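Engineer: Starting from the known structure of chain V, arrange chains S, E and H with the ligands on it as the hints suggest.
Protein chains in written order, with the working numbering: chain V, 317 to 526; chain S, 317 to 526; chain E, 10 to 340; chain H, 10 to 340.
In short, the hints are calculated from the structure, not lab data.
Be a bit skeptical, because a hint or two may be false.
[Unchecked claim] Each computed PhoX-like pair below joins lysine-lysine, with the alpha-carbon atoms no more than 20 Å apart: (1) H:K209 to H:K18; (2) S:K371 to H:K18; (3) H:K11 to E:K11; (4) V:K371 to E:K18.
Note that the structure is predicted; figures quoted are calculated from it, not measured.
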Amino acid sequence: MDNERAFGDLDAVAGDGDFGYSLARGFEIVLSDWDALASDSPAEFLKKVALVISKRVGGTSGPLWGTAFLRAAGAVKDRQELNAADAVAMLRAAAEGIKARGKSDLGDKTLLDALIPMTDALEQRLEQRPAAAEPAVGEPAAGEPAPGGAELAALAATTARAAADATAPMRARRGRQSYTGERSIGSPDPGAVAIAVMAERVAAEWDVRE
Amino acid sequence: MDNERAFGDLDAVAGDGDFGYSLARGFEIVLSDWDALASDSPAEFLKKVALVISKRVGGTSGPLWGTAFLRAAGAVKDRQELNAADAVAMLRAAAEGIKARGKSDLGDKTLLDALIPMTDALEQRLEQRPAAAEPAVGEPAAGEPAPGGAELAALAATTARAAADATAPMRARRGRQSYTGERSIGSPDPGAVAIAVMAERVAAEWDVRE
Amino acid sequence: MKKFVNDPKDYVAEMLEGLALANPDTLTYVPEYNLIMRADTPQENKVSLVQGSGSGHEPAHVMSVGKGMLDAACPGDVFAAPPADFVYETVKLVASPKGVLLLVNNYTGDRMAFEMAEELSEADGVTVRTLFIDDDVAVQDSTYTVGRRGVAGNFFVMKAVGAAAERGADLDEVYRIGEKVNSVTRTMGMALTACTPPAKGSPLFDLPDDSVEMGVGIHGEPGRKREKLRSADAMVRELVSAVVDDLPFSSGDRVALMVNGLGGTPIGELYLVYGLAHKQLAERGIEVGRSYVGEYCTSLDMAGASVTLVRLDDEIHDLLTDPAEIPIRVF
Amino acid sequence: MKKFVNDPKDYVAEMLEGLALANPDTLTYVPEYNLIMRADTPQENKVSLVQGSGSGHEPAHVMSVGKGMLDAACPGDVFAAPPADFVYETVKLVASPKGVLLLVNNYTGDRMAFEMAEELSEADGVTVRTLFIDDDVAVQDSTYTVGRRGVAGNFFVMKAVGAAAERGADLDEVYRIGEKVNSVTRTMGMALTACTPPAKGSPLFDLPDDSVEMGVGIHGEPGRKREKLRSADAMVRELVSAVVDDLPFSSGDRVALMVNGLGGTPIGELYLVYGLAHKQLAERGIEVGRSYVGEYCTSLDMAGASVTLVRLDDEIHDLLTDPAEIPIRVF
Ligand SMILES: Nc1ncnc2c1ncn2[C@@H]1O[C@H](COP(=O)(O)OP(=O)(O)O)[C@@H](O)[C@H]1O
Ligand SMILES: Nc1ncnc2c1ncn2[C@@H]1O[C@H](COP(=O)(O)OP(=O)(O)O)[C@@H](O)[C@H]1O
Ligand SMILES: [Mg+2]
Ligand SMILES: [Mg+2]
Ligand SMILES: [Mg+2]
Ligand SMILES: [Mg+2]
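Next up, chain V with everything else stripped away, as it sits in the complex (with noise of 0.2 Å):
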């Protein structure tokens, strides 16, 4: 698991004064860490970051990131090696626990609004191929070959872009921009822009790595 450029981008934007400085060191912190979050399966090292993450950092994000990645575990608790569809349960997971967490929702103008529909996307994808793969009379035998994970990584940094942009146009009822009412419509919310970064990030790392 290679990350840690990744997290480095997401400083970039993390670290804007307004998204969270905390965030930033949080990652920071977690990147330090790195060699005692060393774990036998990927729950117990997302265990290990979610508490590194709830412990140390503060601000909104820390505990809307620490629950996220404990759901995330939770998602995950007996398998060794993740697959595509794990890993989009561990992204529901994650979504279910910073709206339980964040008391809020779909629309609110918040990263819900870029990972959800990501989640979603990745999802749908991985449907088509068991449908598919039904064999139908007069089609190809295997339909679709299964998605491979650059395809997906693509699909995802894709998806939370138009995602995060889409959220220009709405007005915030959660986090800081929530206060400046009318006036907060018109930006993209900088949560919703770092899940695109961060998704952006992953798909490059795929891309070079494949």
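Structural biologist: Only chains S, E and H with the ligands this time, still in chain V's reference frame:
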């Protein structure tokens, strides 16, 4: 005595925030009390002005200018009409008063460095006349004519301006500027410049009136 | 950025260290959890009081720790809520048999951190209650937000519950008083300039030379509207009206009036603002029973001020008058 | 200029009116002479204490009027000494049978005004003494000036003579204490930004974004030198060295340490500076016996700070510890 506009001009110099907002305010007060200052003699008038300044003007300027007006009054206390010699006596007394009150002298880079040279020049010009008036063989009997007010005012103005300009290379030993040490060198003393402006204003008025 | 700062990451820690060095007999600094606590806490017979919230609002809240006010404050980074874990550790350190009251300014991050800490502490068997403070009238549209924000009025809640706790009141009674004071306290502030967080190094928002932000939040959140700079009298009138009309306060009310500086506005101007506000209240038949002028809850170096009113009754007045000993003092 | 101000000419008067409105039981405002005095002055058995000097340095000195400190303060306009006549009228109002002590920061204008007032008062039969305060080490070349300036160290003189007078000391004894405290008090300050006087409406001097003025005066007078902005630690080291080397203070000394804000620097930064100064003194073997952090003598909205040291002995320590009740308080 129509010094209103001269005072007004001074205001423009004084209002720069360095030479003292309070001095400008003092002259404002003098102007607004103008009717109450009406007096039977010049000395009485000057004394009233001195009192108003001492009472109402603070800063460095209040005590210095108050003392100057008070001493000027003392120099002409028996006179009903003032002549050129009286004017010199008043200026001399004012300068001595400022020296005493300010524990300062020529060369300290203060208004004295304009006031004293100006007073000296007037005195010299006046002294030339009685000397020249002694009938000398083969010379016109009346010597040089007595200098008129306009001529004296012009002399005062040019002398004061030259003297004020000459304070630029000096190092301040009194007033706020003295704290700057070497850095006070290079710009003229604001108090000396104010004296020059006042003298120039009086000279211009005289021109108009004659 | 022109500030007294070494590495911006150390800004909060170095400030807390200075605070502890200046108050060696009364305060303890615990660097691991970024907290400041009374040297003599917890006490058997006193409810313990904790306040958190982001740094950058000093003297709130770390400089309000002391006899008669807080037992501890656990600030986060500049303008960021503390990690939930730090709040939890703070509660452990100050836990008294009479219980712990957590005072929280109403912001999403702070709410989440303190709620998580409350759950964790109660699992340990500590009796904890959490009181949210929300005196800022600038936020009007509560359907679209987590509700009003907690700002300078916070001081009055801390002072009153501090006095009640010191007198020996139990946790429910201390809570009742805090809630009561919060319910009659209203604040509105305005910015003349933006503030500059050390880690950002540049102003947090743009405010043109001829404009002010009416209803600004203490983290630089935008307020009700941006308008032209006007005379002090006109601007103070707008603040006072917003506050008075909100509760509303009415003729015959007796109030505490606080004029709070946001950090960059000198005390001379604050007294000028105080005089204007006092007279405007008198015009409305509202009498000032206690007055507070100075910095209580700032936004780093932001120039600006807020006006807070508290409707007084005998109980609140008495509690506000009780003595306290905190770092913010002159000798 | 972004300030809370109506007509700039009324700035000082409106500030004083606000101060009086905020302290109705303890202070009296006399608009004719621009003065603030204790409601209970003069007292038969107490030397009366008066301090003047320009406005713009608040809380010095109008907010230091009260039991245990000044009987009256008669400020001038912003950064200008009061008219001599106002000082004279102030002395008349507070004249006590035990005499009057005039405390004067050492500036030309203030010296002249207070000396004239002393002459006028003595002609009336009032016993008056005048004490000049000059703690600023920035001014080194006294042949070229009226000597050191009086700055934040002024607070310690006011506090000590205030306590002595309250205890019933006679005029000579009060004077002796004031002179003693002044003789062991040293200050040096620095500006991060220039201040803006309300009547001028723009910064009093130019200070580039990357520069600071070391040894700045509280009226924006230039200091020892202009230099680049550096880390807080490096800049505080320069202030502390200048102060320590001047008296000099040496290993084994016990001192009061004051970190004073010049108006625009938030209290969080001041505590950070305090911590650094405290540790630098410890390195030199100088022990801090009392600490003072906050705004004591400002320069309007100037960002910056000064460091003051007072060498303590038991007498001074005791006097500083005595209670006082002045408008600068939190409750
Ligand atoms: N209640 C919430 N639920 C979900 N996401 C939220 C919530 N509040 C804030 N966020 C997300 O976190 C981001 C940062 O929030 P903000 O309130 O600006 O936090 P900070 O305290 O770090 O300034 C927002 O852009 C938004 O995407
Ligand atoms: N001791 C003094 N004796 C004579 N003139 C002085 C003295 N001090 C100041 N001045 C004059 O007054 C002017 C204003 O002085 P300054 O110290 O700048 O006063 P302010 O308090 O008004 O700023 C100076 O430019 C100088 O000409
Ligand atoms: Mg934010
Ligand atoms: Mg000057
Ligand atoms: Mg906060
Ligand atoms: Mg300030």
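Engineer: Of the hints stated earlier, which fail here?
Structural biologist: none
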